[in-house]
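Trainee: For reference, the chains in residue letters:
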Amino acid sequence: MKGMTLGRYAPFNTVIHRMDPRSKLLMLVLMMVAVFYGYQSQVMTFVMGGIIFILILTILLISRISLKQLFSSLKALWIMIIILLIINVLVPPIGASKIALSIGTYNIFWESILQSAKIILRLVMMISLTLILTATTKPLDLTYALEWYMYPLKLIKFPTHEIAMTISIALRFIPTLLDETMRIMNAQASRGVDFEHGKVKEKIKAILSLIVPLFMSAFQRSEELANAMEARGYNPRAKRTRYRNLHWGISDTLSLIFVITITTGVIVTSVMNWNFIEMIFNIPTWVVIL
Amino acid sequence: MPIKYTDVSFTYNDKTPFSYEALRGVNLEILDGSFTAIVGKTGCGKSTLIQQLNGLLIPSEGEVAVNQYVVSKNRKRRTKKIKELRKLVGIVFQFPEYQLFEETVEKDVAFGPKNFGLSNEEALKNAHDALRLVGLDDTFFKRSPFDLSGGERRRVAIAGILALKPSILVLDEPTAGLDPRGAREMMKLFKGLHDNGTTVILVTHDMNIVLEYSDTVIVMEDGEVREITTPLQLFNQENDLYSLETPLLYKFVKLLSDQGLKLNLNEIKDIESLGAAIAKARGNKK
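Protein chains in written order, with our numbering: chain H, 1 to 290; chain C, 1 to 286.
Fair warning: there could be bad hints in the mix.
Mimicking PhoX-like on lysine-lysine, the simulated pairs with C-alpha atoms at most 20 Å apart in a straight line are [claimed, not checked]:
(1) C/Lys4 / C/Lys80
(2) H/Lys75 / C/Lys15
(3) C/Lys83 / C/Lys114
(4) C/Lys107 / H/Lys203
(5) H/Lys154 / H/Lys239
(6) C/Lys114 / H/Lys205
(7) C/Lys107 / H/Lys205
(8) C/Lys114 / H/Lys203
Honestly, the hints are just simulated from the structure, not real lab data.
When you get a sec, could you build the whole thing from the sequences and use the hints?
Mentor: Here you go:
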């Protein structure tokens, strides 16, 4: 269950925590664009990627997310990284020519390795960005922000409020269900269930002894919640006011401008094919072609 | 010495922003064949304390020994036979009725014994014995646990632990949410098991139960053990130190003896024994 705390909201009071969830959400999208933009030369990809990565790490430190937390959320990626390496090695990119290693008649190309490294770098950045958002924003605030962005959809009778309500209820019940899972696991472990070891048949039985009670209690909870909401006169179509309002502050405007500048810079660099590394250092052409 | 806690501390979510210290330096011993009640406010660490007894939680510091089995962080000292420990110590959690999952009552109760390596027939036999013990007759065996009432489901869940024939039975508020009669029957059942040699550890908020059934009380507060005493000594304290509700029966007996009636407080556990004691004090012999 330890892994379940990953990306969980950590109640600190940093600049990032205090920012408006709407600006944070928008900035996440913009930063993702910047992360995934491609360049024509490999060197540029890594230099630009490196710059953005350093920026992300700085934000990570400002929002008081420990690097340990980041590494533990990357743990799950190991399998993906290995699979990526294998695929890239087996299926070299078109035009690969620089041999890094020869095993018998089989060649491993530098291009393959670089390609995998590029994807891994991007994945790491993507996960860090999401981690920043979820660790510094309360899930409920995030839902409010989503609802705010969906506002225009109301014009075409899209049920934005219902969707936001569904999301916030789902988010609200994640910890509750996790607690419930722990409780049932403990109870079944006391009856001799071993959730970690055992044959496949025993494992299926073990999982079943967890899932059935969990579903039963989830259904019961949902019914109780629906009753409680109706008893208090909940009507999804009613006009609602809110206890917590979102506040757009000066720090939101400033950081949004900053992020827009970066993303624009990335797009311009990429579209104009502007290779500043080559200009500054005058690197021999064969490296650039890489 | 069947159960011994040595300097046990426990922290949830250690080394994260969510860390919470639930137990602090707990030292205690629970004797074989005792009926021990653990009392204290909600959130004082009672449930954390009992979960260390069968290795569901491992102490962050210190160790818990149950007979020859040791639960500890220390890899060298801690027992490898956690399953044997779980067979020895049966824990009934709060609201255990939510752990049922099988198609029939008897299958659900037999699930535990089968996990501990009993054959199907033996497990079913144990299950039937346990079900009769909790007061559910043969007509219930083939029914679905989800068709039963809340109280009946609670009985099935408790039978699921009793079918393991544990020599230490740990109960976390087994009577919560039961009607008074059901609660009384449940407690009688546990008393019967205790009389047959089972060590019973009971977490409860009901001081009437503490007075009537237990011989030892462990009082907990803020993750620490404040007192290990007998029910009489606990309720005899003038000021209500731990904001525990003194049982009505005990208040009454105390008033009677303050008024000059010579009563032996040790003998009075319930209404019947109170009646007998009053009759004895007044010299009326049937």
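Trainee: Does each hint fit the structure? Answer for all of them.
Mentor: Here is what the structure says about each hint:
{"no.": "1", "hint": "C/Lys4 / C/Lys80", "verdict": "18 Å, holds"}
{"no.": "2", "hint": "H/Lys75 / C/Lys15", "verdict": "18 Å, holds"}
{"no.": "3", "hint": "C/Lys83 / C/Lys114", "verdict": "13 Å, holds"}
{"no.": "4", "hint": "C/Lys107 / H/Lys203", "verdict": "17 Å, holds"}
{"no.": "5", "hint": "H/Lys154 / H/Lys239", "verdict": "13 Å, holds"}
{"no.": "6", "hint": "C/Lys114 / H/Lys205", "verdict": "12 Å, holds"}
{"no.": "7", "hint": "C/Lys107 / H/Lys205", "verdict": "13 Å, holds"}
{"no.": "8", "hint": "C/Lys114 / H/Lys203", "verdict": "14 Å, holds"}
Checked against the numbered hints above, the structure violates none of them.
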